[in-house]
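Participant: Note that the working numbering numbers the sequence shown so that position 19 is 19, with each residue one more than the last.
Think of the hints as simulated: they come from the structure by calculation, not from any bench. Keep in mind the model is a prediction, meaning the values are calculated, not measured. C-beta: ideal position from N, C-alpha, C; glycine also. Check each hint, because a few of them may be wrong.
Per label pair, the in silico range of CB-to-CB distance [what the hints assert, rightly or not]: (1) Val43 - His99: 28 to 38 Å; (2) Glu127 - Lys18: 19 to 29 Å; (3) Val112 - Ile208: 24 to 34 Å; (4) Pro144 - Leu28: 21 to 31 Å.
Listed below are the simulated DSS-like cross-link pairs for lysine-lysine, each with C-alpha atoms no more than 25 Å apart in a straight line [to be verified]: (5) Lys102 - Lys90; (6) Lys18 - Lys90; (7) Lys95 - Lys18.
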Amino acid sequence: MTGSMALVAFWVPLITRKGRRTHRVVGLVFAYSMMVTALTAIVLASIHLLFPSVIQADTAELRHEQYLFLGWMMLYLGVLALVLIMFGLKAVRNKGRYHLYKTPSILFMHGVLALLALWIFYLGWSERRVLLIGVAFIAFLMVPGNIRFILQKPGAKSGGLRREWLYQHFSSMIGAGIAGYSAFLSFGAAMYLPTQTFNPFLWTIPTILGVSFMLWLAKRQPRHD
1 MTGSMALVAF WVPLITRKGR RTHRVVGLVF AYSMMVTALT AIVLASIHLL FPSVIQADTA
61 ELRHEQYLFL GWMMLYLGVL ALVLIMFGLK AVRNKGRYHL YKTPSILFMH GVLALLALWI
121 FYLGWSERRV LLIGVAFIAF LMVPGNIRFI LQKPGAKSGG LRREWLYQHF SSMIGAGIAG
181 YSAFLSFGAA MYLPTQTFNP FLWTIPTILG VSFMLWLAKR QPRHD
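Turn these sequences into a full structure, and let the hints guide you.
Facilitator: In structure tokens:
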């Protein structure tokens, strides 16, 4: 329920005027719905990893694929969406007050996400799963930029980055949307078309659309004054 709500609400803030009531209200609906969905995914993925016997599959090969997807990949996408949503909300609340970002909790959750992305990349490489490698790069693209922003020194460029918080807000929310749609499409495949669980086409669509929009946004909304 919350997942479907988040996926539908995701598009409204993108097409409505930024800062208006509709953008803010529907944006919060997306954010909190996605947070609940991400936490649910993390719990379910943890159960699959801790108790692999709950996985029901006709063959050992299919059981292994579902273990990779319903376990590690779902855990990664849940953490990815949760971290990006929390950071996106914090960016719009704290704006350019850099000292408010330098907290142990923010740095810790980005560290966990980075380590998990490295593990997912390793699994993808060793198992020859292009899907796992591809989704790992979402974090590889997002985490360095977030960390650089978090560690930015106030006044280092004399007003040159006053819009950076806005870019971080937009990119984090879009990144969370990419994670949500990737999980939705791939999870649907795992449930109804198990042999297509790791089909790269199921995740390239939201990734390409999301990254393209982020690039367009970066050009349309410069980070620097």
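Participant: None of the hints should be skipped; say for each whether it holds.
Facilitator: Now the hints, each set against the structure:
1. Val43 - His99: 28 to 38 Å: holds (33 Å)
2. Glu127 - Lys18: 19 to 29 Å: violated (41 Å)
3. Val112 - Ile208: 24 to 34 Å: holds (27 Å)
4. Pro144 - Leu28: 21 to 31 Å: holds (27 Å)
5. Lys102 - Lys90: The given pair, whose Cα atoms are some 11 Å apart, holds under the 25 Å limit.
6. Lys18 - Lys90: holds (17 Å)
7. Lys95 - Lys18: holds (15 Å)
Checked against the numbered hints above, the structure violates only hint 2.
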